[in-house]
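Chemist: Chain A is already provided as a structure; the job is to place chain Y on it using the hints.
Chains as they are written, first to last, in the working numbering: chain A, 231 to 1123; chain Y, 14 to 122.
Since the hints were made in silico from the structure, they are not lab data.
Model, not experiment: these values are computed from the prediction.
Treat the hints with care, since some could be wrong.
[As the list claims (entries may be wrong)] Computed footprint of chain A on chain Y; a stretch qualifies when at least three of its residues, placed anywhere within it, have a C-beta under 8 Å from a C-beta of chain A: (1) 32-43; (2) 58-69; (3) 86-94.
[As the list claims (entries may be wrong)] Reference excerpt, derived from the structure (chain A facing chain Y, CB under 7 Å, subset only): (4) Arg-282; (5) Val-865; (6) Arg-872.
[To be verified] Just some of the chain A residues that point at chain Y, by a computed CB distance under 10 Å: (7) Ile-254; (8) Ala-259; (9) Arg-261; (10) Glu-264; (11) Phe-265; (12) Ser-285; (13) Leu-289; (14) Asp-295; (15) Lys-297; (16) Leu-532; (17) Pro-534.
The beta-carbon is built from N, C-alpha and C at its ideal position, and this holds for glycine as well.
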Amino acid sequence: MSLISRFLNVFRRDQLGREFDDEIRFHLAERTEEFTGRGMSSEQARQEATRRLGSQIRLRESSRDIKVLPRLASIVQDVVFGLRLLRKNSAVTGAALLSLSLAIGACTAAFSLIDALILRPLPVNDAQRLVYLTFTLQGAGAAEGTAFNYPLFERMRDVSRSQVRLFGMSHQTRREATFDDSAGRTERIYAQWISGDALIILGVKPALGRLLTAADDQTPGQHPVAVLSYDLWSRRFNSDPRVLGRWLILQEKQFQIVGVMEKRFTGAEPGYMTDVWVPNMMWRQEALSSSDWSWFRILGALRPGVSSDQARAVLQTVFTNFRRDRASQFGGTQPRARIEQYINTPLHVRSAANGPSDLRREFERPLWILGLIALLVLLIACSNVASLLIARAAARDREMALRISIGAGRGRLIQQVLVESAILSLASCLLGVWIAKKAAPLIIGALSTSQTIVRLDLHVDWRVFAFLGASGALTTFLFGLAPAFRATAVAPAETLKSGSARQSVRVKVFRPLVAAQTAFSFIVLFIAGLFLTSFAKLIRTDPGFDPNHLSVVDVEAKELKPGDPKSLVAWDQLLDRLREMRGIESASLSGWSVFSGSGQNLHVQIPGRAVEAFEPYFLPVSPAFLKTMGIPLVVGRDFATRDAQAESPTAVIVNEKFARRYFPRESALGKRFFKIHGFSTLVPQEIVGIAGDAKYNSLREPTPPTVYYPIQPDGWASLQIRTMLDPPALAALLRNELPRVHPAFRMIDITLQSTLVENTVVQERLLALLAGFFATVAVILAAVGLYGVLSYSVVQRTREIGIRIALGARPIRVVGLVASEVAAVTCMGLGAGLAGGVFASRFVTALLYEVKPSNFWSVAGPLMLLLLTCVGSCLPPALRATRLDPVTALRYE
Amino acid sequence: MSRQESFQGSLPLLVLKILARRGPLHGYGITVRIEEISEEVLRVEEGSLYPALHRMEEAGWIKAKWVTTQNKRRARVYEITLQGRKHLETEERRWQAVNAAVARVLKYA
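Isolated chain Y (complex conformation):
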């Protein structure tokens, strides 16, 4: 449970980063991408991905549109907005600062 929660907090950051790098993706695609990159260490709780996406959408960081995929399925793809990029930038910096601080503590404590 605790693992999930700590991860949960950074889920938006990861989603924004992926969307910024790879361009528009649907929810399933985002799940797969996170798992691939993190070599399945970070397993996305699928149940929490969609609420997170919708929350980000409401916050205006990403926007959604319906597309038809190659295998003729209707998919809802998400795209990062300008506002989302700005948020990503600040969040990334904050994350790295926190990480650096934690690393220092781990090293010298």
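This is chain A alone, in the form it adopts within the complex:
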């Protein structure tokens, strides 16, 4: 009650003051009357009455402190005052707001991404008990396998029932779907095949209808039911509740819509949202019975009281036994050690509290690094604003001195300056959130490739709020405290006497700020330089083929059966037809596009030698593939149409890497070797040509030994078309032409080979792009900061400089005089930045490509750039100093 009235009284202080005055006036009047009644003169009586009451001002203050919350009242007062000051100095305020909100915005954007991708737990029941299974992949670095086959899953699920409730979820894949109202038009959606009880174990709820249950996942092909995502339901169906009972066609199967997922659950893998969930049993029959078909992740909820180690022990046994059974069916061609390795592959139980995510594995480190860079930029901005505020506070020395001398406490003055800083940082936070809201989706866009669209739920949760609050408070104190102490450390007598507000602030106080700013800028610049050089080197890497003017088209022909001679003829006719067309220089086929992420690795055996664990890459191609791709044929011949039908041995073309690796001392041409199919079938191969080295799936990795073999296309292939036509024009052409060759042909996707190549450097591009942006901001902030400090210093030393000029100092001496203020600290800052940069670079080496932090130019580049920036921002104020007119300068103030 009292607190509330005191709080409310804060806002009616004026009235309280008047009431108090009235009350005291009454008291004095009565007292005076009493004293006059006792025979004093009215003058005497009034004096005595006043004396007895004591200091009215003090009385008034203490009474006010009782009636209102004094702290709050003074803060409200400071806010009003602070706002007025900030408005008055609009240039300073604008500069401070701009740099702070940019930095806070960048930090918040980075953090909200980190939150959405890395920190936030899945919105499911008891996320902490959620796990997923992985196994060690040989020769894949730290990456682990996450794809399992159905028979193995069934065995593991049944054996471990009392430890963990396992369920399977396929990777979200983009599929063509037809809805009942779409009149045959296909739409692209992300579908996910899941165990029937997956959603129940996850504990998510339907927004409408029902979710899938275990009963929906019993018999292959018998459960045509689907659950829509909330997003698809609201986007595609306008949240129409009558959607239940309608249907869609997916993978040639018709599904009835039985429910809509609750809004907050968008799938178990952050980064990718699911549109439609359907039961595993509705996936292809073969995939459910074959151990060769690994196509889904296994997740599970640990039973209460069971640790992931206990679950792992049980599951490892099943996993090992399963692999031992399979290995016993292998022939004798595999090296013993490799089979052992295969059987004894370790299985891992990993926490899926925030969802298993390939995206996170790829981007976790880059995002943290970008977050830290953004934080450095924030620190730079803070020291910048601190300089600005100190300089401005200097102008207020007299005001402060006056307030101290009439009895204001130092704490009270610090509070006032801090309140001002808090207003600034609060405003910056608000602006920053706005910037982050605009920027974060752009960054997500940069994570996406033309093949996979990254969709992240970016809603602001308490973590983002806490982060914002923390950065707001941090910045307030970082840039506010120094000016606050500075401003209040005035000696009132000195300051007021000297008549000069500027005497007491020396440039000295800026030095730590300048040094810190330079150091941080150097670190940001250095790291950004490494990323930029990496990216530049990466995209300038010669892939071994010419990706320009090369379109790749995925073509489907479902009716063409494999092995049917008619199929081969149809595809051949398609190529012939294309090659005749105007504007098309060359065309060929391959099983899939290079740099699409697909690949085939098989063991090979060179006659007379043991099988190596290493697996070269294979790619099925048509004649003219090398020519279309722009890969040189070094020696030998290209494929001919007959090669595809020829019996053993298969004619193959290998790249030079392959030739050198397997036939180091002789010409590989005409040599034979075996490729090993499955685990035991030996297929003889004869090398008819040697091609130049061309990369397969990654610019970063060295070109792998590669074998091209004749394609026997069936229902699916990729076309390479070298043409000056742009994709839309080519697409129009093909849409016309394909059905004419054979009605079965249908164009699925068209893109540029160069786009596919770019898709593989998304991580590097993101880092380069954002680090480059941050570096630019950092350099600008550093330049502005230095410029501001020096300009201030010149103004402050006007008299001194004037005297020196009057005494005959040459301009160069004057420049030196001014620059020396910051030269030493800038160099110190650079030194500290160098040390910091070298330290920080250890965490980014893994992300670099052909760039070493210890390279001369890696260090010298940013160093020179920053030095130039410093000199550039020092020059204008220094030159201004040389042009000072001594007479005016001496009269200054």
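Modeler: Chain Y alone, transformed into the frame defined by chain A:
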């Protein structure tokens, strides 16, 4: 100084008692009453009376309203509240217990 402070602690008690006995009074009236009753032994520091009154008001023991006196002056008169009466009762008991204890010590020490 010490005299004032020890008195200061019991000032609210005296004010509450006076208001409870005599009904609503203004600040000046309270000063005069205390001086009269205690035969000017307890001279109220006028400077501390008003803060004390305002503190009690905030505590909810007394409430204030503006009235016009016979000589047409606007005065702020204070009145004890129910809560104030309860507080007075407990404070009075405590005060007497302390006094009795001090008296015993003085007598038998």
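Chemist: Next, verify each hint and record whether it holds.
Modeler: Status of each hint after checking the structure:
Figure legend: the segment 32-43 of chain Y, annotated as covered by chain A; annotation consistent (3 residues with Cβ-Cβ distances under 8 Å, at least 3 required). Counting residues of the segment 58-69 of chain Y whose C-beta sits closer than 8 Å to any C-beta of chain A gives 7, which meets the bar of three, so the coverage hint holds. Closer than 8 Å: that is the beta-carbon criterion, and the segment 86-94 of chain Y has 4 residues meeting it against chain A, so the requirement of 3 holds. Interface hint status for Arg-282/A: upheld, as the beta-carbon distance to the closest one in chain Y is roughly 5 Å, under 7 Å.
At its closest, the beta carbon of Val-865/A sits 100 Å from a beta carbon of chain Y; the interface hint therefore is violated under the 7 Å criterion. The closest approach between the C-beta of Arg-872/A and any C-beta of chain Y is roughly 104 Å, which is over the 7 Å cut-off, so the hint fails. Look at Ile-254/A: its Cβ gets to within about 7 Å of chain Y, closer than 10 Å, so that hint holds up. Interface hint status for Ala-259/A: upheld, as the beta-carbon distance to the closest one in chain Y is roughly 6 Å, under 10 Å.
For the restraint placing Arg-261/A at the interface with chain Y, the shortest Cβ-Cβ distance is roughly 7 Å, inside the 10 Å limit, so the hint holds. Below 10 Å, beta-carbon pairs count as interface contacts, and Glu-264/A has one with chain Y at about 8 Å; its hint therefore holds. Evaluation of the Phe-265/A hint against chain Y yields a violated restraint, the C-beta minimum of about 12 Å exceeding 10 Å. The closest approach between the C-beta of Ser-285/A and any C-beta of chain Y is roughly 7 Å, which is under the 10 Å cut-off, so the hint is satisfied.
With a least beta-carbon distance of about 6 Å to chain Y, the hint placing Leu-289/A at the interface is held under the 10 Å criterion. For Asp-295/A, the shortest C-beta to C-beta distance to chain Y is roughly 9 Å, which falls under 10 Å, so the interface hint holds. Checking Lys-297/A against chain Y by beta carbon gives a least distance of about 6 Å; that is within 10 Å, so the hint holds. With 10 Å as the threshold, the beta carbon of Leu-532/A stays out of range of chain Y, its nearest partner Cβ sitting at about 57 Å, so the hint is violated.
The beta carbon of Pro-534/A comes no nearer than 53 Å to any beta carbon in chain Y, farther than 10 Å, and the hint placing it at the interface is violated.
Hint compliance for this structure: hints 5, 6, 11, 16 and 17 are broken, all remaining hints hold.
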